[in-house]
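Engineer: What follows is each chain in one-letter form.
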Amino acid sequence: DQQVKQNSPSLSVQEGRISILNCDYTNSMFDYFLWYKKYPAEGPTFLISISSIKDKNEDGRFTVFLNKSAKHLSLHIVPSQPGDSAVYFCAAGGYNTDKLIFGTGTRLQVFP
Amino acid sequence: DTGVSQNPRHKITKRGQNVTFRCDPISEHNRLYWYRQTLGQGPEFLTYFQNEAQLEKSRLLSDRFSAERPKGSFSTLEIQRTEQGDSAMYLCASSSWTGDTEAFFGQGTRLTVV
Chain A
1 DQQVKQNSPS LSVQEGRISI LNCDYTNSMF DYFLWYKKYP AEGPTFLISI
51 SSIKDKNEDG RFTVFLNKSA KHLSLHIVPS QPGDSAVYFC AAGGYNTDKL
101 IFGTGTRLQV FP
Chain B
1 DTGVSQNPRH KITKRGQNVT FRCDPISEHN RLYWYRQTLG QGPEFLTYFQ
51 NEAQLEKSRL LSDRFSAERP KGSFSTLEIQ RTEQGDSAMY LCASSSWTGD
101 TEAFFGQGTR LTVV
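Each protein sequence line maps, in turn, to chains A and B. Per this note's numbering, residue 1 is the first one in the first sequence, and the count goes up by one each step. Per this note's numbering, residue 1 is the first one in the second sequence, and the count goes up by one each step.
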């Protein structure tokens with residue numbers, strides 16, 4: 001079963017505009033969520049995380065929003081830059097599980 | 001410290017051969033994870049260690065797979081009698097503790113079984 005879902009395989013955004021990447025999960029027991037960015041032939045790189053007790057976390061151009069009632073989180077990138085073009089993975093973890101469950105990823109392309 | 005290091009970066013092997021991958025985590029991290037990623041999918045958890053103890057194994061890890069972390073530092077992942085379905089990117093990650101903190105990933109080992 002897919003506990004973490006990213007239903008949009010790709011997203012194309014113009015440079016300078018906002019990119020919104022979405023993620024849904026089914027397990028209400030997750031304690032924290034993370035976003036990773038991955039370039040081809042490289043390992044995932046951590047971007048930003050959020051605890052389940054919060055609804056927003058911001059770090060520079062990146063903001064993650066968590067809606068626990070909807071079991072939904074989103075990553076906002078503003079302004080988007082061409083260097084942001086990559087695959088973005090949503091991941092979820094729990095204090096009693098010690099592993100991350102990843103979504104299938106969304107490929108973001110930022111064009112000039 | 002240069003981060004999580006994985007060797008080799010690429011491995012091509014014939015079906016039926018054994019392969020071994022190595023992961024050197026960030027030195028102060030006591031947790032080490034192995035994940036596998038195939039095309040179009042996110043990383044899938046295989047197993048993890050806390051120090052030298054292997055605490056959890058995914059059902060994805062068949063009997064042909066074995067992982068070790070003998071001294072709580074580097075780890076090896078061995079695949080015996082490789083099959084074409086084993087072709088994937090094998091990712092190693094490390095972290096310092098459980099919590100809303102990130103795991104740091106290596107660059108991965110790309111395995112191709114021909």
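Derived from the structure by calculation, the hints contain no laboratory data. What you are looking at is a predicted structure, and each value in this text was computed from that prediction instead of being measured. Errors might be hidden in some of the hints.
Think about it this way: if two alpha-carbon atoms lie no more than 30 Å apart in a straight line, the pair counts; the simulated BS3-like pairs of lysine-lysine are [claimed, not checked]:
1) B/71 / B/11
2) B/14 / B/57
3) A/71 / B/57
4) A/56 / A/68
5) A/54 / A/68
6) A/5 / A/68
7) A/71 / A/5
8) B/14 / A/68
9) B/71 / A/5
Output of the computed footprint for chain A on chain B, the stretches with three or more beta carbons under 8 Å from beta carbons of chain A [as the list claims (entries may be wrong)]:
10) 12-25
11) 67-73
Just so you have them, the derived chain B footprint on chain A, three or more residues with Cβ under 8 Å [to be verified]:
12) 44-56
13) 96-110
Idealized CB from N, CA, C, for every residue including glycine.
Engineer: Quick one: which hint numbers does this structure break? Sort them smallest to largest.
Structural biologist: 8, 9, 10, 11
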